[in-house]
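**Student:** Chains as they are written, first to last, in the working numbering: chain U, 1 to 297; chain H, 1 to 175.
No wet-lab data here; the hints were simulated from the structure.
C-beta: ideal position from N, C-alpha, C; glycine also.
Misleading hints may appear alongside valid ones.
Pulled a few chain U residues facing chain H out of the computed Cβ check, cut under 10 Å [unchecked claim]:
hint : residue
1    : GLU37
2    : LEU67
3    : PHE112
4    : HIS162
5    : LEU187
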Amino acid sequence: MKHFISIQSIPRESIDKLLDRAEQIARHRPTGRPLSEKILGLLFFEPSTRTRMSFESSMLRLGGQCLNLGGAESSVMKGETLADTIRVVDGYVDAIVLRHPRIGAAQLSTEFSSVPIINAGDGAGQHPSQTLIDLYTIRQSFPLDGLDVGLLGDLHYGRTTHSLAYALAKYGVTIHTISPKGLGFPLSVKRSLTRFGACVVEHESIKEALPHLDVLYVTRIQRERFPDPASHYDTLHSYRITPELLSNAQKHLIVLHPLPRIDEIDPGVDVLPHAKYFEQAKNGIPVRMALLLGVMK
Amino acid sequence: MNKIDVDQMENQKKTAFKNIQSGSKYQAGLVIRPIENGTVIDHITAGEALNVLRILGITGSTVERISVATNVISKEMGQKDLVKIENRELAQQEVDRIALIAPQASINIVRNCVVIEKSVVSNPEELVGVVKCPNPCCITNANEPVSTKFYVRQSVLICSYCDWHIEKNIHSYIL
């Protein structure tokens, strides 16, 4: 694997191998410093806390070094193209982690880079390394095949749900989408999922979908997607995950969230056995360590 | 005028009427004269001839002599359009573009009144630099030094960068 751009282009076997490797890393940290000669470039043109920090932490744990190349203050802001930035930066580092507001930015970067590119989010496109973490966390509770997974929130702009849906299609999972009107999957994602033979069931109400689910994946519903604060508040309220709501769920249901969480999950849920989102965030380290080893070693 | 002349004229009229009814080449010949050099694009989906001209960059200000026939009767297609471009031979990329809106079109290259090359258009698997991505958030719309690239799946175009699907009005996105 040279680049890591989209989850569709990675065969299921390769995903399984990466998850197995992450599991081994979580059990026994790699001995020595396998990436001690390597430098990882972090090129973030959008804000990020968890993704950037967990890539940085993973690289340091593998004995490598990180070079934070900035974003907002970089020459791109002076009008340089992404292509030129990549051509220059690839001489400084051994791999580039890229986050960019435009869909396809990571794909484009592979055409100008001689070092591996890892997509850390391209606009409303994909976030494939988050998907590995999501799959890894689900796999800690159940085998992935044949589950019923609910994707809740802003599925139109939410890149984590796009990548996750593409990945789940490889495991014969039934995908239940639960989103406000107008915030369902974009047509292109729906068409691609159909092409991959995915089973997708659409719901508007969480109450209707909840009893069927093994996994509930919650994402943020952003205020800027609504015409006024009142309609945003109403929507948030009807899609909010609370302990009362979860009393209607299957006992084994797990709740995931890529974080940051704002209001969509009541803090009362944190103490329930369903809540796996903080564990999911921690899983970012072994999964991204496995990914870095996969592209650089 | 004697009786024989009148009968001959009647026969000619009948033949012409039959040809018009059957959509034979004789009828097309009446509409557009043959060209000496250039390209004849035949079997264009009825109503798409003007879009074919647009795709080829042919406007009112171009120098080529163009003949266009629309809704001509065709045995195979019911109705078809036809374009003749004098003194211009189409390149493969131009032919690929035509395939997007007129998948049954045939291309005849004519030199000295003789058809020296005859081909049918076919949808390529990939289109590079032919179609603009309609997604404003796609990286190809960000002044980057790359050509657009679309995969062709049946009659749907899929952007290789942002996965956007173009399913209709393809002609309006052709560069």
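**Student:** Decide, hint by hint, whether the structure agrees.
**Tutor:** Status of the hints after comparison with the structure:
Checking U/GLU37 against chain H: minimum C-beta separation of about 32 Å lies over 10 Å; hint violated. Hint on U/LEU67 is violated. Least Cβ distance to chain H is approximately 23 Å, over the 10 Å limit. Checking U/PHE112 against chain H by beta carbon gives a least distance of about 9 Å; that is within 10 Å, so the hint holds. At a threshold of 10 Å, the smallest CB-CB gap from U/HIS162 to chain H is about 9 Å, leaving the interface hint in force.
Using the Cβ-Cβ criterion of 10 Å, the hint placing U/LEU187 at the interface with chain H is satisfied: the shortest such distance is roughly 6 Å.
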